[in-house]
Amino acid sequence: MAGKTAGLEDLSVAFVMEPVAAADWLIPAPVVFCLLAGSVLLMLRKRTDLQPLIAIPALVILSALTLGLLAHVVINGTATMTMGRWLPPFGISFTVDALGAFFAATSSLVALAAGIYGRSDVDHSGQRYGFYPFLLLIMAGVLGAFMTGDIFNLYVWFEVLLISSFGLLVLGSERSQLDGGVKYAFLNLIATTLFLVATGYLYGLFGTLNMADIAVKASELRAAAPLMTLVTLFLLAFAMKAAAFPVNFWLPASYHTPKLVVSALFAGLLTKVGIYALLRILGMLFPVERLELSYIIAIAAALTMVLGVLGALAQNDIRRSMGFLVVSGIGVMMAGLAIGSPAGLSGTIFYAAHSMVVMTALYFAIGIGAQLGGSFMLTSAGGLYARNATLAFVTLMLFLSVSGLPPFSGFWPKVMLVKASLDIGAWWLAGAILVTGLLTTITVGRIWALAYWRPAQAEAAEQAAAQTLPAGAVAALAGLVILTIGAGIWPEPVMVLVQDAARGLIDPSAYVLSVFPGEVPQ
Amino acid sequence: MEPLFALLVGALFTVSIYLFMSKHIIRVLMGAAILSNAVNLLIFTAGRVTREVPPIIGANSDVLPAAAANPLPQALVLTAIVIAFSFFAFLLVLGYRAFQKLGTDDSDEMRVAEPVNEPAPPLGY
Numbered sequence: 001m002a003g004k005t006a007g008l009e010d011l012s013v014a015f016v017m018e019p020v021a022a023a024d025w026l027i028p029a030p031v032v033f034c035l036l037a038g039s040v041l042l043m044l045r046k047r048t049d050l051q052p053l054i055a056i057p058a059l060v061i062l063s064a065l066t067l068g069l070l071a072h073v074v075i076n077g078t079a080t081m082t083m084g085r086w087l088p089p090f091g092i093s094f095t096v097d098a099l100g101a102f103f104a105a106t107s108s109l110v111a112l113a114a115g116i117y118g119r120s121d122v123d124h125s126g127q128r129y130g131f132y133p134f135l136l137l138i139m140a141g142v143l144g145a146f147m148t149g150d151i152f153n154l155y156v157w158f159e160v161l162l163i164s165s166f167g168l169l170v171l172g173s174e175r176s177q178l179d180g181g182v183k184y185a186f187l188n189l190i191a192t193t194l195f196l197v198a199t200g201y202l203y204g205l206f207g208t209l210n211m212a213d214i215a216v217k218a219s220e221l222r223a224a225a226p227l228m229t230l231v232t233l234f235l236l237a238f239a240m241k242a243a244a245f246p247v248n249f250w251l252p253a254s255y256h257t258p259k260l261v262v263s264a265l266f267a268g269l270l271t272k273v274g275i276y277a278l279l280r281i282l283g284m285l286f287p288v289e290r291l292e293l294s295y296i297i298a299i300a301a302a303l304t305m306v307l308g309v310l311g312a313l314a315q316n317d318i319r320r321s322m323g324f325l326v327v328s329g330i331g332v333m334m335a336g337l338a339i340g341s342p343a344g345l346s347g348t349i350f351y352a353a354h355s356m357v358v359m360t361a362l363y364f365a366i367g368i369g370a371q372l373g374g375s376f377m378l379t380s381a382g383g384l385y386a387r388n389a390t391l392a393f394v395t396l397m398l399f400l401s402v403s404g405l406p407p408f409s410g411f412w413p414k415v416m417l418v419k420a421s422l423d424i425g426a427w428w429l430a431g432a433i434l435v436t437g438l439l440t441t442i443t444v445g446r447i448w449a450l451a452y453w454r455p456a457q458a459e460a461a462e463q464a465a466a467q468t469l470p471a472g473a474v475a476a477l478a479g480l481v482i483l484t485i486g487a488g489i490w491p492e493p494v495m496v497l498v499q500d501a502a503r504g505l506i507d508p509s510a511y512v513l514s515v516f517p518g519e520v521p522q
Numbered sequence: 001m002e003p004l005f006a007l008l009v010g011a012l013f014t015v016s017i018y019l020f021m022s023k024h025i026i027r028v029l030m031g032a033a034i035l036s037n038a039v040n041l042l043i044f045t046a047g048r049v050t051r052e053v054p055p056i057i058g059a060n061s062d063v064l065p066a067a068a069a070n071p072l073p074q075a076l077v078l079t080a081i082v083i084a085f086s087f088f089a090f091l092l093v094l095g096y097r098a099f100q101k102l103g104t105d106d107s108d109e110m111r112v113a114e115p116v117n118e119p120a121p122p123l124g125y
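Same order as they appear, the protein sequences are chains F and P.
Going by the UniProt record's numbering, the first residue of the first sequence is number 1, and it counts up by one from there.
Going by the UniProt record's numbering, the first residue of the second sequence is number 1, and it counts up by one from there.
Pulled out of the complex, with its shape left as it was, chain F reads as follows:
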């Protein structure tokens, strides 16, 4: 080595010289593991009997890795690994703080549940289409987005998850899937292109794409550069990704068309990546601009939640109703971003994790209900309580959880958000959250009364073969239900975690120090 580098300056100026600590290998491990497992599954695409046997243990390992990473971050603080030994900001950094690790762990648990549920929901041809490889690859994109510390890299992970989601969406190529898929694909492509436009301007202004570097430089550049334009572009792009009003119409047009497990996975994960990006870029990098935009965000949030739930109330198809409830939940999360206080951001983070678990579980529950001989149409559904009282009860618990009633996980973040908005005097925002909760209760209450409580309709009763429920699907649902009840009656650990994550967003000095050791941020 010495001979080759003779005549150059000391390499340690430009390179990371010390070996990576063993625990820090956990940072890129989940993403690398997803890509590896995904490619193995892709090679074994014809062996549909092997697919779940490989994919489900892989998802178990993935959950263990992300939970280990969460523990690592909670114990040792924000961790960074920079690729290719180039010192940041030249190398691409993976920086994991409490927020990223928490979202990563929650999303891998959701993906594990989806993998298990998929065994009974995705038939032979669906697996031949590549359900499991796409599931692993979409997780690579989602986890990469949660962990990366570089904005262009964030764009790349968005594209990774987007192209896998296209694959999952058209699994089976039915008419309605192609129709929904076209709208989903085009509008999401426009949203990521807008994100890329904003990234280009950001690079032009800052000359760097490393988030920690931007966090330091933003305060110096604020007077000279048109940062408001930039941040508004980011807001529009990510609001479109997160399906906030008025750029949300791709979601109800497409989320009810794919296989149920795919809808569940999308409802659980994809919009939350948009919320994560909003939190990271508006909440952490540009807090001053976020404050200036807070009225716009708050109005968008209130309209998203109220119009979303009104949309849910107007649907006859239960799956479409759920799609609108996803939109409504996004509004609640945006409310916390608009408030911007530690309590508000904690509420957003808690609500996002709650929504990941509960929306996925809800789709599972209505899917199992439909397998029991029910229907997705409210006009013809009925009699599920008579057929399986336990399922009806579990579904009712999930319905109450999504409405934000105690003792389920939706209650605490809503309390935090209502309190945070009253603290800054935004009574109308608190009112919107409460009204949305009431309307959600009415929506899901009606679904429960019609599809579960009401006696079976005549034609449905004939085809109601007494099926045994697939054990895997029930186990996946049960796991998620335990998570939502657990977080509802024992919220302290989650509360500590989300407050830690929110503190990391408001004061990014730990984040910056993790990327640039030794540099003292302003």
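Just so you know, not all the hints are guaranteed correct.
What the hints assert, rightly or not - Partner residues are not named here, just some residues of chain P that face chain F (Cβ under 8 Å, in silico):
no., residue
1, Ala33
2, Leu42
3, Ala46
4, Leu76
5, Leu102
6, Val112
7, Glu114
8, Glu118
Claimed, not checked - Sample of chain P residues with no beta-carbon within 12 Å of chain F, all distances over it, derived:
no., residue
9, Leu4
10, Val15
11, Pro54
12, Ala69
13, Leu94
Note that these hints are calculated values from the structure, not bench results.
Note that the Cβ used here is the ideal one computed from N, Cα and C, for glycine as well.
The hints should help you fit chain P onto chain F, whose structure is shown.
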């Protein structure tokens, strides 16, 4: 050089937004292709357009000459081109399949996923 590129990027954005307003998905697809090229040029311009010196450190020096070209935007644009190209290919196939199955490429008539006259949910129990 930069103002010229800025005008070109603006023109490409105008064209793509005009195409986005069409009802036919093939024209929207063309708009998306043009938009992605516009964004690539935007990133390229943002990293300063120069034809001075390639970014290579000479044999006897330790640092780049002052007016060297910036290699990073090229790497970014290259990534963006690959992504945009693969998306274009996918969307082309998706649009064609949708045209085959639905018999139209008019987005107003593509109402399979969202039927026009869907029955209202039951208003009573």
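Nearest-CB test (12 Å) between chain F and Ala69(P)
Label holds. Min Cβ-Cβ 14 Å, cutoff 12 Å.
Go through the hint on Ala33(P) and say holds or violated, using the shortest Cβ distance to chain F against 8 Å.
10 Å, violated
Interface hint for Ala46(P), Cβ within 8 Å of any Cβ on chain F:
Hint on Ala46(P): holds, closest Cβ of chain F at ~3 Å, below 8 Å.
Let me know if the C-beta of Leu42(P) comes in closer than 8 Å to any C-beta of chain F, holds or violated.
4 Å, holds
Whether Leu4(P) stays farther than 12 Å from all C-beta atoms of chain F, as the label says:
16 Å, holds
Holds or violated: is the Cβ of Val112(P) closer than 8 Å to a Cβ in chain F?
4 Å, holds
Minimum Cβ distance from Leu76(P) to chain F below 8 Å?
It holds, given that the least Cβ distance between Leu76(P) and chain F is near 6 Å, below 8 Å.
For the hint on Leu102(P), just tell me whether its beta-carbon gets within less than 8 Å of chain F.
6 Å, holds
Chain F contact restraint for Glu118(P) - C-beta distance below 8 Å
Check passed: Cβ of Glu118(P) comes within 6 Å of chain F, closer than 8 Å.
For the hint on Glu114(P), does the least C-beta distance to chain F fall short of 8 Å?
The hint holds - Glu114(P) has a Cβ within 8 Å of chain F, the shortest such distance being about 6 Å.
Against chain F, does Leu94(P) hold up as non-interface, every C-beta pair farther apart than 12 Å?
6 Å, violated
Does the claim that Val15(P) lies off the interface hold, with its Cβ farther than 12 Å from every Cβ of chain F?
14 Å, holds
Violated hints, in rising order: 1 and 13; the structure is consistent with all others.
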